[in-house]
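Q: Line by line, the protein sequences are chains A and P. Mind the numbering: the first sequence is residues 0 to 204 in numbering that gives the first Met the number 0, read in order. Mind the numbering: the second sequence is residues 0 to 204 in numbering that gives the first Met the number 0, read in order.
Rather than coming from a laboratory, the hints here were simulated on the basis of the structure. Please note: incorrect hints may appear among the correct ones.
You can't tell identical chains apart in this list, so a pair holds if it fits in one copy or across any two.
[What the hints assert, rightly or not] Straight-line Cα separation of at most 27 Å, BS3-like style, residue types lysine-lysine; simulated pairs: (1) Lys97 x Lys86; (2) Lys36 x Lys103; (3) Lys64 x Lys30; (4) Lys36 x Lys120.
2 protein chains.
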Amino acid sequence: MSDNTMVHKRTGTKEKILKVSKALFSEYGYKGTSVRKIASNVGIRESAIYNHYMNKEEIFLEVAKDMFSSPFSFNDGEIRESAMKGKAFLHKFAMQYKLLTFDKYNESMFRILLIELLQNKDIREQFMNEFHNKNIKVLSEGFFIMMQNTLIRSSDPMIMSYEFLSTLFYIRLQITLMRYDSISTTSLSTQFEKHVDFFWESIKS
Amino acid sequence: MSDNTMVHKRTGTKEKILKVSKALFSEYGYKGTSVRKIASNVGIRESAIYNHYMNKEEIFLEVAKDMFSSPFSFNDGEIRESAMKGKAFLHKFAMQYKLLTFDKYNESMFRILLIELLQNKDIREQFMNEFHNKNIKVLSEGFFIMMQNTLIRSSDPMIMSYEFLSTLFYIRLQITLMRYDSISTTSLSTQFEKHVDFFWESIKS
DNA sequence: ATTATATATGAACACTTGTTAATTTAAACT
DNA sequence: AGTTTAAATTAACAAGTGTTCATATATAAT
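Can you make the complete structure from the sequences, with help from the hints?
A: Below, the structure written as structure tokens:
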């Protein structure tokens, strides 16, 4: 009963470390957050951290996992149903993306994760699998269904998804950067909607 | 004859520092490149660096400036002429972008600059002005001319440019990441062309 | 030759970093 | 109660950081 999976359940320190780390990493980034600072915010010494995690990176990777694994809320059946509505499907997808973009925690974490994305292979893999591929898959399914029902022109669903997703990403990046500098994003706030409008005009049959 | 602009011309050390820094920053990044390492590669002590640059950041900013200021080679007259050809204009633009993406130095530097983009306000401004705005401007002019000549459907040229540029950026990001991990990019190598094809189908009248 | 200036040096400052080792405290199981 | 094990502590390591300061050298202009 006390094997590898179910030990360490006496103090709840591990959970506290994760919670504190989330807050600190999202605010100060990976390099800006020291093990000492995590420890002191938890209320223990830095050496005690190593009773729960192998090293700093392991903590960060677990924080990142939580971030990427918050997926877009589309159940399997829901995709088909939603895709039949055509433009509304794209709109819903974009609005979910917009929500993430303007959410306080996701906003900071997006910036931090991008930094690490460019330096940490594990983060890159998480990004590719959990973000890129997963989204391309959902979108492709949607577009495929739309094509079947001749709501949109016939084309490669993967390419179409790529085109749709890439612009969402770029908008998010730009908004994130501007908000980080406290620059007003009112001029960009409707960019998501404009993207959907433009894109729909581009593909509708 | 010896005012602020034309002093410091005895040893050429400043130029050497810049050259060495370019190589080091592009390989090891900002934080991975210490002032001591730059100095030793130049062949001087770290303290001598400060006779030429105020601090480490000033060196990096100058390296970055060089990077961003390598603009797309479109002269004013050339845009009009090229835009009249419609799709070929987009193709040329995308191919220039592709060239940059697969150029050894630009490839490393793109990654490094993205990292700093997310942390350094000056880099962000350089990116917005020299990269984003400049490209949106060139593209907008092109699209505007195409619309005048009814080569493409009528729409907001700025939005259209945004849509076109954002995908190029995303492709570049993805290729950069994959090549950094030595993952084969053959599946993505024609993505630029596919983008142009898809986009042209989306806007042609 | 003397002065002025640019450029270099060596040494130090003041501080932070992730991680480990030996040891003690505290809780749970027998 | 005693034993086992988890979890915490104190202390140190070994290294690297950007930057500054007083000083020395070399070059160009006077």
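Q: Next, verify each hint and record whether it holds.
A: For each hint, the structure was consulted:
| no. | hint | in the structure |
| --- | --- | --- |
| 1 | Lys97 x Lys86 | within (16 Å within a copy, 31 Å between copies) |
| 2 | Lys36 x Lys103 | within (22 Å within a copy, 39 Å between copies) |
| 3 | Lys64 x Lys30 | both (18 Å within a copy, 25 Å between copies) |
| 4 | Lys36 x Lys120 | both (25 Å within a copy, 25 Å between copies) |
In this structure, none of the earlier numbered hints is contradicted; all agree with it.
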